[in-house]
Amino acid sequence: NAGVTQTPKFQVLKTGQSMTLQCAQDMNHEYMSWYRQDPGMGLRLIHYSVGAGITDQGEVPNGYNVSRSTTEDFPLRLLSAAPSQTSVYFCATMGELAANTGELFFGEGSRLTVL
Amino acid sequence: KNQVEQSPQSLIILEGKNCTLQCNYTVSPFSNLRWYKQDTGRGPVSLTIMTFSENTKSNGRYTATLDADTKQSSLHITASQLSDSASYICVVSAGSNYQLIWGAGTKLIIKP
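Chains A and B, in that order, give the protein sequences. To convert, count from 1 in the first sequence and add 3; that's this note's numbering. To convert, count from 1 in the second sequence and add 4; that's this note's numbering.
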């Protein structure tokens with residue numbers, strides 16, 4: 004089992020370019036989410052999904068778009084990249100939605116630099 | 005405002021020594037408290053999850069404590085190993101799995 008797979012691992016963009024970060028999971032988890040991690044700060048939730056066809060905004064959704072057409076995939080789109088979006092992005096899944104103690108499983112991260 | 009504060013920011017100890025990391029939170033409503041380990045360049049990995057009624061939970065050499073009255077938690081690492089070098093992140097759930105408040109982490113370095 005691969006678990007949670009993120010691609011690409013590294014990406015450099017110019018301001019204004021668009022791109023998609025891919026996230027795929029093989030654990031059949033209902034919940035998928037995207038976080039960003041910046042130096043000196045805690046992880047911040049961008050968007051999340053509780054199942055195919057259902058998405059919702061997290062704490063910092065501006066400038067990002069998501070869709071969930073299948074259980075396995077949850078891509079994150081940057082519409083027009085800005086230097087403030089330079090960060091490390093993590094995709095995370097959770098299987099036990101009903102229990103508040105559901106464990107999060109993270110991908111390896113995608114490091115994005117916007118020039 | 006919901007907040008999770010961790011101390012110290014960074015810590016260096018010798019291999020084989022014990023250490024304790026602190027977490028203070030002001031989160032309401034409180035559902036559970038989690039500790040994660042994040043190796044450099046990797047995603048966080050769950051160590052423990054504690055609910056309101058649990059005041060101690062162990063995972064091998066890691067022992068987490070929770071005092072819900074004072075809103076404090078600690079993570080104690082016993083007989084540290086070089087592989088314990090990582091960031092340790094305290095996370096508090098504010099009522100649901102979607103409302104996780106993340107601390108900035110404590111960076112732990114174990115020296116031989």
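Each hint should be verified, as a subset may be incorrect.
[Claimed, not checked] Listing some non-contacts, in silico: residues in chain B with all C-beta distances to chain A over 10 Å:
{"hint": "1", "residue": "N36"}
{"hint": "2", "residue": "T55"}
{"hint": "3", "residue": "N63"}
{"hint": "4", "residue": "D73"}
{"hint": "5", "residue": "T74"}
{"hint": "6", "residue": "S84"}
[Stated by the list, open to error] Pairs of lysine to aspartate or glutamate residues, derived as EDC-like cross-links and limited to a Cα-Cα distance of at most 20 Å, are as follows:
{"hint": "7", "chain 1": "B", "residue 1": "K5", "chain 2": "B", "residue 2": "D88"}
{"hint": "8", "chain 1": "B", "residue 1": "K75", "chain 2": "B", "residue 2": "E9"}
{"hint": "9", "chain 1": "A", "residue 1": "K12", "chain 2": "A", "residue 2": "E75"}
{"hint": "10", "chain 1": "B", "residue 1": "K5", "chain 2": "B", "residue 2": "E19"}
{"hint": "11", "chain 1": "B", "residue 1": "K111", "chain 2": "B", "residue 2": "E19"}
{"hint": "12", "chain 1": "B", "residue 1": "K115", "chain 2": "B", "residue 2": "D43"}
{"hint": "13", "chain 1": "B", "residue 1": "K111", "chain 2": "A", "residue 2": "D76"}
{"hint": "14", "chain 1": "B", "residue 1": "K111", "chain 2": "A", "residue 2": "E62"}
{"hint": "15", "chain 1": "A", "residue 1": "K12", "chain 2": "A", "residue 2": "D59"}
{"hint": "16", "chain 1": "A", "residue 1": "K12", "chain 2": "A", "residue 2": "D76"}
{"hint": "17", "chain 1": "B", "residue 1": "K5", "chain 2": "A", "residue 2": "E111"}
{"hint": "18", "chain 1": "A", "residue 1": "K12", "chain 2": "B", "residue 2": "D43"}
{"hint": "19", "chain 1": "B", "residue 1": "K115", "chain 2": "B", "residue 2": "E19"}
{"hint": "20", "chain 1": "B", "residue 1": "K61", "chain 2": "A", "residue 2": "E106"}
{"hint": "21", "chain 1": "B", "residue 1": "K115", "chain 2": "B", "residue 2": "D88"}
[What the hints assert, rightly or not] Simulated coverage check for chain B against chain A, where a stretch passes if three residues somewhere in it have a Cβ under 8 Å from a Cβ of chain A:
{"hint": "22", "stretch": "44-51"}
{"hint": "23", "stretch": "103-114"}
The set of hints was computed from the structure by calculation and includes no laboratory data. Bear in mind that the values here come from a model prediction, so they are computed numbers and not experimental data. Built from N, CA and C at the ideal position, the CB exists for glycine as well.
Hints versus structure:
no.	hint	in the structure
1	N36	violated (5 Å)
2	T55	violated (7 Å)
3	N63	holds (12 Å)
4	D73	holds (20 Å)
5	T74	holds (21 Å)
6	S84	holds (23 Å)
7	K5/B <-> D88/B	violated (32 Å)
8	K75/B <-> E9/B	holds (11 Å)
9	K12/A <-> E75/A	holds (19 Å)
10	K5/B <-> E19/B	violated (38 Å)
11	K111/B <-> E19/B	holds (15 Å)
12	K115/B <-> D43/B	holds (15 Å)
13	K111/B <-> D76/A	violated (32 Å)
14	K111/B <-> E62/A	violated (25 Å)
15	K12/A <-> D59/A	violated (25 Å)
16	K12/A <-> D76/A	holds (16 Å)
17	K5/B <-> E111/A	violated (30 Å)
18	K12/A <-> D43/B	holds (16 Å)
19	K115/B <-> E19/B	holds (6 Å)
20	K61/B <-> E106/A	holds (15 Å)
21	K115/B <-> D88/B	holds (10 Å)
22	44-51	holds (count 6)
23	103-114	holds (count 6)
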